[in-house]
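Numbering-wise, the numbering used here puts 235 at position 174 of the sequence shown, and it's gapless, one number per residue.
The set of hints was computed from the structure by calculation and includes no laboratory data.
Incorrect hints may have been included.
[Stated by the list, open to error] Pairwise CB distance ranges (calculated):
hint, residue 1, residue 2, range
1, ALA93, GLY144, 17 to 27 angstroms
2, SER162, VAL201, 16 to 26 angstroms
3, ALA176, ARG213, 18 to 28 angstroms
4, GLY90, THR174, 14 to 24 angstroms
5, LEU184, GLY127, 14 to 24 angstroms
6, THR204, GLN160, 33 to 43 angstroms
7, THR174, VAL86, 38 to 48 angstroms
8, THR204, GLY154, 14 to 24 angstroms
9, GLY136, THR174, 38 to 48 angstroms
10, ALA143, ASP175, 32 to 42 angstroms
11, GLY154, PRO115, 32 to 42 angstroms
12, THR76, GLN140, 46 to 56 angstroms
All residues carry an ideal CB built from backbone N, CA and C; glycine is no exception.
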Amino acid sequence: MANDDPNPYYRDPPTPPETAASAGVEEIGTAACWKLVEANSLGRLAIQNIDGRPDLFPLNYLVHEGSVFMKSAPGAKLQSLAGHPDVALEIDGVDGAFQWSIVIRGHAMRMDTDADIEASGVLTLASDSPTAKHNYVRLVPDTVTGRRFPVRGRSATRRNVPSASTSGGRARDEHVDQGGPGARTADKPQPIPHLPPWGG
């Protein structure tokens with residue numbers, strides 16, 4: 062099969078795939094995760110709905126003694142939690158040039174005793190939703206994980222590019238516009254200089 066590339070040496074080397082570490086993604090420790098969760102009050106609760114499909118609910122929450130407490134109106138959410146208590150709660154935000162995300166996985170249950178409801182403080186929880194909510198849910202965490210990463214566009218990272226002034230660079234410099242036959246023109250792109258393999 063014929064090679065359509067007139068000179069394969071002019072091709073750019075393949076870009077290595079970006080990893081989480083090279084993209085600036087950092088793991089957040091458990092204690093720092095809880096501080097971020099406690100400093101916020103809006104999250105997204107992921108559940109398995111009564112029809113077996115996943116669903117997501119934005120809601121307000123509060124933290125008390127290692128558990129997360131929420132209010133709920135009657136409906137599919139409470140029915141789903143009764144049959145499928147395993148849930149995930151995601152909270153995110155922006156801190157300077159970094160965005161962070163915390164995920165709490167555990168099991169949620171409807172609270173049914175006045176003493177537990179009052180002790181949790183959930184009665185004082187303000188809700189952004191206008192719907193009346195007189196049911197109270199406790200999420201007992203199994204795992205808490207978090208990551209933070211740079212916000213795109215706020216800080217640019219310059220990649221290391223081999224300089225054309227080293228071996229092979231002289232050929233490109235000779236194409237600087239001097240008005241002669243080898244002058245650089247807007248309609249005549251110049252070839253990328255071939256750089257020799259790295260020596261040992």
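Honestly, which of those hints from before does the structure not fit? The structure conflicts with hints 1, 3, 4, 6, 9, 10, 11, although it agrees with all the remaining ones.
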